[in-house]
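Undergrad: Spelled out, the chains give:
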Amino acid sequence: MKLQKGTSLALYSVLEFAANPGQQLSAAEIAEKYGASTHHLAKVLRELGRAGLVESARGVGGGYRFSGNAKRLTLMDVIELFEDISTRTGESDEFDASSEVGRALGAVMAEVDEIAKATFRSITVDTMQKLIERQRRAVTEAQTALKE
Amino acid sequence: MTKAQAQGADIPELRVRSVEAADLGQVIAIDAEVTGLEKTDYWYELFHRYGGGRTRQRLFLVAESGDVIQGFIIGEIRDWEFGSAPCGWVFGLSVRASSRLAGVGARMLEAVCDGFRRAGVNKVRTLLARDNSLVLSFFRSQGMMAAPFIPLEKDLD
Numbered sequence: 001m002k003l004q005k006g007t008s009l010a011l012y013s014v015l016e017f018a019a020n021p022g023q024q025l026s027a028a029e030i031a032e033k034y035g036a037s038t039h040h041l042a043k044v045l046r047e048l049g050r051a052g053l054v055e056s057a058r059g060v061g062g063g064y065r066f067s068g069n070a071k072r073l074t075l076m077d078v079i080e081l082f083e084d085i086s087t088r089t090g091e092s093d094e095f096d097a098s099s100e101v102g103r104a105l106g107a108v109m110a111e112v113d114e115i116a117k118a119t120f121r122s123i124t125v126d127t128m129q130k131l132i133e134r135q136r137r138a139v140t141e142a143q144t145a146l147k148e
Numbered sequence: 001m002t003k004a005q006a007q008g009a010d011i012p013e014l015r016v017r018s019v020e021a022a023d024l025g026q027v028i029a030i031d032a033e034v035t036g037l038e039k040t041d042y043w044y045e046l047f048h049r050y051g052g053g054r055t056r057q058r059l060f061l062v063a064e065s066g067d068v069i070q071g072f073i074i075g076e077i078r079d080w081e082f083g084s085a086p087c088g089w090v091f092g093l094s095v096r097a098s099s100r101l102a103g104v105g106a107r108m109l110e111a112v113c114d115g116f117r118r119a120g121v122n123k124v125r126t127l128l129a130r131d132n133s134l135v136l137s138f139f140r141s142q143g144m145m146a147a148p149f150i151p152l153e154k155d156l157d
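The listed protein sequences correspond, in order, to chains G and R.
For the record, in the first sequence the residue sitting at position 44 is 44 according to the numbering used here, with numbers rising by one throughout.
For the record, in the second sequence the residue sitting at position 53 is 53 according to the numbering used here, with numbers rising by one throughout.
Just so you know, the hints here were simulated from the structure itself, not pulled from any lab data.
Quick caveat, the model's predicted, so the values are computed rather than measured.
The beta-carbon is built from N, C-alpha and C at its ideal position, and this holds for glycine as well.
Heads up, some of the hints might be wrong.
Computed list of lysine-lysine pairs in BS3-like fashion (alpha-carbon distance at most 27 Å, straight line) [said to hold, decoys possible]:
#1 G/K2 <-> G/K117
#2 G/K2 <-> G/K147
#3 R/K39 <-> R/K154
#4 R/K123 <-> G/K117
#5 G/K43 <-> G/K5
#6 G/K5 <-> G/K71
#7 G/K43 <-> G/K33
#8 R/K39 <-> G/K71
#9 G/K130 <-> G/K33
#10 R/K39 <-> G/K130
#11 G/K130 <-> G/K147
#12 G/K117 <-> R/K39
Some chain R residues judged to face chain G by a derived CB distance under 7 Å, without partners named [unchecked claim]:
#13 K123
#14 L127
#15 R130
#16 S133
#17 S137
#18 S141
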């Protein structure tokens with residue numbers, strides 16, 4: 001399952017904002033970090049704002065901050081704001097369903113997609129923060145071990 | 001969701017301990033509340049096999065606050081299934097609906113994992129329906145990731 005660029009940007013943004021609750025981050029900071037255009041990111045942030053996941057602060061130093069519930073908001077909730085993967089079956093366009101082989105390959109892809117969707121539905125933003133922290137610690141520990 | 005629900009119930013003096021026969025009525029009720037099925041025989045059979053701290057390999061624990069059972073967890077150590085080194089398996093977990101978001105599940109999982117560690121294993125696994133997002137999310141929040149196994153099935157004609 002491949003996510004669209006805007007969807008990936010939305011996930012990056014939500015996770016960046018949620019990692020810094022109460023703190024304002026500018027669109028430019030996030031755009032630079034993830035190599036996106038500020039124009040594209042602005043569109044993504046508007047959509048996240050409409051969904052109540054981020055709120056913008058006007059004026060000098062204005063930016064965005066997280067306004068969702070990190071313990072309840074799942075990756076799927078964010079993804080579905082930008083694309084409808086819940087009905088994607090894997091049989092749609094990658095393989096020709098008019099052939100036996102295409103239908104069988106489609107069935108395999110559908111299996112892969114179902115697992116991906118269940119994964120997105122089960123991981124909250126809060127869980128992602130914990131995962132990011134664990135990975136950060138593992139890298140630090142590996143670097144420390146290398147120095148010793 | 002109300003603010004109180006979002007913050008979770010306030011449960012005083014939660015204690016996790018081995019299940020006792022007198023707890024089974026409440027355990028059956030909690031399970032029936034979630035599944036819609038009252039499986040009395042099944043729970044007595046499970047109690048017989050896993051209850052009372054009979055072996056270090058099998059754990060059937062409850063979370064208790066006052067006289068109220070808030071939830072239960074069941075696990076066991078399985079050895080060398082399909083080449084897997086001995087590891088802990090959690091195959092039952094439920095929390096009273098009114099007591100969710102208060103850390104009851106986390107406390108029970110912690111206790112069962114402590115039991116697994118004491119028995120000498122360093123890995124815990126579980127298996128859930130793909131559409132059980134609530135419980136999947138819980139286990140994910142406790143740091144569990146996809147295991148290197150794929151469950152398979154087929155209809156038997």
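Undergrad: Does the structure keep R/K39 and R/K154 at a Cα separation of 27 Å or less?
TA: Answer holds: R/K39 to R/K154 is near 26 Å, not above 27 Å.
Undergrad: Quickly compare the C-alpha distance for G/K43 and G/K33 to 27 Å and report which way the hint goes.
TA: Holds, at roughly 17 Å.
Undergrad: If you take the shortest Cβ to Cβ gap from R/R130 to chain G, is it below 7 Å?
TA: holds, 4 Å
Undergrad: Mind checking the alpha carbons of G/K2 and G/K117 for me, to see if they're no more than 27 Å apart?
TA: holds, 12 Å
Undergrad: For the pair we were handed, G/K5 and G/K71, check the Cα-Cα distance against 27 Å.
TA: holds, 25 Å
Undergrad: Starting from G/K117, check that the Cα of R/K39 is at most 27 Å away, please.
TA: violated, 31 Å
Undergrad: Would the hint on R/K123 be counted as holding, given a Cβ-Cβ threshold of 7 Å to chain G?
TA: Hint on R/K123: violated, closest Cβ of chain G at ~16 Å, above 7 Å.
Undergrad: Regarding the pair G/K43 and G/K5, is the alpha-carbon distance no greater than 27 Å?
TA: holds, 12 Å
Undergrad: Interface hint check: R/L127, Cβ to nearest Cβ on chain G, cutoff 7 Å. Holds or violated?
TA: With a minimum Cβ separation of about 13 Å from chain G (threshold 7 Å), the hint on R/L127 is violated.
Undergrad: Regarding the pair R/K39 and G/K130, is the alpha-carbon distance no greater than 27 Å?
TA: violated, 37 Å
Undergrad: Interface hint check: R/S133, Cβ to nearest Cβ on chain G, cutoff 7 Å. Holds or violated?
TA: With a closest approach of 5 Å, the R/S133 hint holds.
Undergrad: Are the Cα atoms of R/K123 and G/K117 separated by 27 Å or less?
TA: holds, 26 Å
The earlier numbered hints that this structure contradicts are 2, 8, 10, 12, 13, 14.
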